[in-house]
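Undergrad: Now for the letters of each chain:
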Amino acid sequence: MVESVIERITRGRFWDFHGGIHPPEQKFLTKNKPIKQLALPKQLIIPLQQHIGREGDLLVSIGDHVLKGQALTLSTNPMVVPIHAPTSGVISAIKMSVIAHPSGLSQLCVFLDVDGEDTWRKREVCPDLAQLSNHEIIEKIADAGIAGMGGAGFPTHIKANSKADIKFLIINGAECEPYITSDDLLMMEQSNAIVDGIKILDRLLTPTVILIGIEDNKPKAIQALQQATKTIDKIKVCVVPTKYPTGGEKQLVQILTGQEVKSGRLPIHDGIVMQNIATCFAINEAVRHDTPLIRRVVTVTGQALKKPQNVWALLGTPVNFLLEQCDVENINNEKQPVIMGGPMMGFSVSSELVPIVKTSNCILVPSKTEMPSAFEKESKEVECIRCGQCSDVCPSQLLPQELQWSAKAKDYSQLEKLNLRDCIDCGACAYVCPSQIPLVHYYRIAKAEIRQQQQLDLKAEKAKIRFEARKLRLEKEKIARQEKHKKAAAARKAAMNKATPEAEGAKSAVAAALARVKAKKASKEQTSTADSPSNSSADNVDDQKSQVAAAIARAKAKKKLKEVSSDKPITNSETVNSVAEVEATSTQQTSPEDKKAKIAAAVARAKAKKLSKSTETTDKASANEEITEEISVQKTVNSDDKKAKIAAAIAKAKAKKLKNTASISDGEKQSDDAPIQNTVNADDKKAKVAAAIAKAKSKALSKANAKTAAEEKVEASENDNNGDVLPDGATDKKAKIAAAIAKAKAKKKLKETNAVEENNQDGV
Amino acid sequence: MTDYLLLLVGTVLVNNFVLVQFLGLCPFMGVSSRTETAIGMSFATVFVMTLASLLSYLVTTYLLVPLNLEYLTTMSFILVIAVVVQFTEMVVHKTSASLYRLLGIFLPLITTNCAVLGVALLNLRLQHGFFESIIYGFGAALGFSLVLIMFSAMREKLANADVPGPFKGTAIAMITAGLMSLAFLGFTGLVKI
Amino acid sequence: MNILLAILVLGSIAAIFGALLGFASVRFKVDADPIVDQLDALLPQTQCGQCGYPGCKPYAQAVSEGEAINKCAPGGEDTIKKIADLMGVEVQPLDDSHATGDTPKSNRPKVAFVIEEDCIGCTKCIQACPVDAIIGAAKQMHTIIIDECTGCDLCVAPCPVDCIEMRELPDTIHNWQWDLTSIPVKQLD
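First to last, the sequence lines map onto chains A, B and C. Residue numbering for the first sequence follows UniProt numbering, starting at 1 and increasing by one per position. Residue numbering for the second sequence follows UniProt numbering, starting at 1 and increasing by one per position. Residue numbering for the third sequence follows UniProt numbering, starting at 1 and increasing by one per position.
A hint or two may mislead.
Said to hold, decoys possible - Taking CB as the label site, the calculated pair distances span: (1) Lys168(B) / Gln453(A): 20 to 28 Å; (2) Val163(B) / Val30(C): 37 to 45 Å; (3) Asp162(C) / Ala489(A): 38 to 46 Å; (4) Ile232(A) / Thr143(C): 23 to 31 Å; (5) Gly18(C) / Ile105(B): 22 to 30 Å; (6) Ala171(B) / Met1(C): 54 to 62 Å; (7) Ala409(A) / Ile146(C): 28 to 36 Å; (8) Ala130(A) / Thr143(C): 50 to 58 Å; (9) Lys262(A) / Gly129(B): 51 to 59 Å; (10) Ser379(A) / Asp118(C): 43 to 51 Å; (11) Asp118(C) / Ala171(B): 42 to 50 Å; (12) Thr123(C) / Ala489(A): 23 to 31 Å.
Treat the hints as calculated values from the structure; they're not laboratory data. For glycine and all other residues, C-beta sits at the position ideal for the given N, C-alpha and C.
Just chain A, with the same shape it has in the complex:
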């Protein structure tokens, strides 16, 4: 296919595109004058964004002195191309200013006060391109801020970096707008530099063939380029017939290759890349001379100018400076329109301060006779007469008349169906319209509205997604919250059921209370049967010591009672009885002989321990109680003086022994306890005192306990055995606290008793 295209081109035959017009040629105004170098303007206004894409990040601030060619913005993104200072000077302001856009809206611009010195930053001229890698070249192009200079302003480094298999590289030198001659002059004057730029592109893109498309109304440019490319077979200069809009990308592709770029596709998809002549020149400048894109050729033309000509304008040069340089006739006339771009596709600038940017190729200042419509405020539009001329000239083969109806009716879906997006805004339809309908403007409005609608749709879609996401999130949070509540509730329940230490305590307390009640019942039964006499006798004794002993005995009895109540009463009591008898004898022996007594006591203690262990397993509370009783004894020990201590120690030891024996003894055996009490009684005075204190304490305790419940008090008064027990159960807390203290004391006491025993031994 490529071969047939080349063959055809070498024969000088081309394809044609549909439609097109032949507007009167006005290039003669400027085409024969060389490009003029202008003096430096006083101030440059450099918009941050001069291409399609986004503006870069500012690198300079107000007051900075910049050198010619210094970058003013930084590219952070492939779609961003930097801008450079076109000359040296001081940045006087960075503010919003009117830019070269049909809207007349403002954008951020850098105001550069020119110092007139025009000093360059350091440049690194590259003499040998072979040293550079492709990547480096592309980087240089990107850093030079080159964007398509034909009008669209697409970043060139992206186009030059395409990986696709490129068949055709087309250099667009058609320049079909009737007034513009900037590319024409550039080709005449800089053909070698342009060809060098093309060579760089050739190296980057490696196309099969390079076609330079030039309209046949530029004979000098054709000659110059043919001369420059004589030695290169790959480059073909194609002289195409003059027709507007040959310079359109898709149109030129069709003319040169016969391929129609289909709707919705780009030439790159078909292996075709197109670059503008001026872009090629800028690429050469950037790569070889390290010169960023800071100036361009601008055609300043129109019959309102005395000296229409092409000029090298620095980017950022205000339009009024250019007009002054070209001697505008009636600059004072407010109504004088200034059109940026060609007459077919350009737009009126709203301010004389609008700066030249990378894409501005023409400033048109028409006289009234030349372009009367530009001077009229109101459109001379009349009704469409359905002549169909617009369809005949449309290069995109659309139906301009249908588009117009739908655009007026804002029927955007219909416009989509009619492929409005393929309209290139060439203005051929409006040019031929006998009713002077500004068709392109209707399309432009419709396109802008469709674009806006699409943006809104996108935004709505995004909002919807975000809303849904939020709803989902709230839902999740709600569920999570409920879950948490549930978990907390479950944890609370579990804590209630689970065997945590406190819970166990509470439970065992309950159990203890129950057990005590049972014991009470059992003891009641017992007292009613056999115990009553012994109890009463114990009550009658009324001795202090005996009372202490009795209290201890009671505790033991209670424990045992529990055992009795839980186990088989008779057997247990029998075994205990037998043990008690043994111990009773041993205790009796203790009193006269200390040593023996001690051994016996030890044995008794061991036995008591065993017993108490068994009781402990059944009831903790009672064990605690036992200890509290011990404390009362211990307390006496603590409070007394040395002698008393010794005495108390003895007493305590005795009490212990007594307790042990008492613990074994039943209620029935209380009568046996009496002699033991007597032995205690036989001890010295000091011991008595101690015992008295102990008793008092135990009394106080029992009193406090007794206070808690009236009924229990009654019972307590009735049965001394249970008197201590019941209130104890009721005042669990107190008992617990007491138990805790008791435990601590018991520990101390254990140590002390050891010491005392030693003392005792010494004493003995």
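Model the placement of chains B and C on the given structure of chain A, informed by the hints.
TA: Using the frame of chain A, we list chains B and C on its own:
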């Protein structure tokens, strides 16, 4: 075979139900503002009319005539049409909800579409046979569809056109319909039945 | 006899057809109403709730079930027209009795703006925002992600210090609309 073909062409073009016989004018004006709706309506009408002419033939021939109950013709036809329309409505609702919405009231109104009852009664009057009845019903519906879709396409263009003020809206639609009728008059004599 | 026969014939025809329709109604039962999604696509998705429904989708659901089509204040006349087209009903003027904020007179989109020095960081606006377009934390200044803001007004009312206001988006060359009268028609002789 030729007879059937002639009957079909004759019904579609020459004796067009809408423009020549002035039957079924209400959906013709009502659902012709958009082409999409018109196409949907056309499908529904083709379905209803063909089925209705078939069923009404069967009911007349095998039920009413043998039992000498010809005086029940109209009543039973209305019943048949109502059932077919109801059935169509269900199908349309199931298959294309948006078309169902677009057709709106005009879908059940096919019941009282004079073209539908007209085709059943004309079948009887013209003493058509089984196949003739079906072709006649199908042809009538086809003619209706053709005119409806063409008319709706024109109305879509009219909506965006610069119509002089006094003619805007229904007025220009009526004028267009009149002009279409005029054009269809040109088919007269194309087929002689 | 004749009368009985007539009744019998018509009755049997009716019975047969009735059975047929009964079958059809089961066979062609419509489960979901796809119209809801189409309606939802037409709505502006600001989720503002000015229609009295908690979001755009619920309103779309309601419209498909016969709710008035003119309650979408952010969508304005355009949306009403589209819904009317889809539903095959007449266009109605906007019913702004539900609208909380002032309905946009101009078509210019608005976004919420937090006056930063007044913000006390109460997070109330964050909770009100249907599209999570407000960022900030308790006792920290809040701010609005302009690109995500739908301009629904919902955050304005909850602010205890009235530090949120609706501002029009400025014209930029990205959202600028061609003005037909600004460009003269050019014709060359």
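Undergrad: Indicate whether the distance between the beta carbons of lysine 168(B) and glutamine 453(A) respects the range 20 to 28 Å.
TA: holds, 27 Å
Undergrad: With 37 to 45 Å as the target window, see if valine 163(B) and valine 30(C) comply at their CB atoms.
TA: For valine 163(B) and valine 30(C) the Cβ distance comes to about 39 Å; the hint holds.
Undergrad: Is 50 to 58 Å respected by the C-beta to C-beta distance linking alanine 130(A) and threonine 143(C)?
TA: This hint holds: roughly 54 Å between Cβ atoms.
Undergrad: Could you tell me whether the CB distance from aspartate 162(C) to alanine 489(A) stays inside 38 to 46 Å?
TA: holds, 42 Å
Undergrad: For the range 54 to 62 Å, tell me whether the beta carbons of alanine 171(B) and methionine 1(C) fit it or not.
TA: holds, 57 Å
Undergrad: For isoleucine 232(A) and threonine 143(C), compare the CB-CB distance with the range 23 to 31 Å and indicate the outcome.
TA: Given a distance of about 59 Å, which is not inside 23 to 31 Å, the answer is violated.
Undergrad: Could you see if the CB distance from threonine 123(C) to alanine 489(A) stays within 23 to 31 Å?
TA: holds, 28 Å
Undergrad: Is the gap between the beta carbons of aspartate 118(C) and alanine 171(B) within 42 to 50 Å?
TA: violated, 60 Å
Undergrad: Does the beta carbon distance between serine 379(A) and aspartate 118(C) stay inside 43 to 51 Å, or does it fall outside?
TA: holds, 49 Å
Undergrad: Has the hinted range 28 to 36 Å been met by the Cβ atoms of alanine 409(A) and isoleucine 146(C)?
TA: Given a distance of about 33 Å, which is inside 28 to 36 Å, the answer is holds.
Undergrad: Are lysine 262(A) and glycine 129(B) spaced within 51 to 59 Å by their CB atoms?
TA: holds, 54 Å
Undergrad: Look at the Cβ atoms of glycine 18(C) and isoleucine 105(B) and judge whether their distance stays inside 22 to 30 Å.
TA: holds, 24 Å
When each numbered hint is compared with the structure, violations occur for hints 4, 11.
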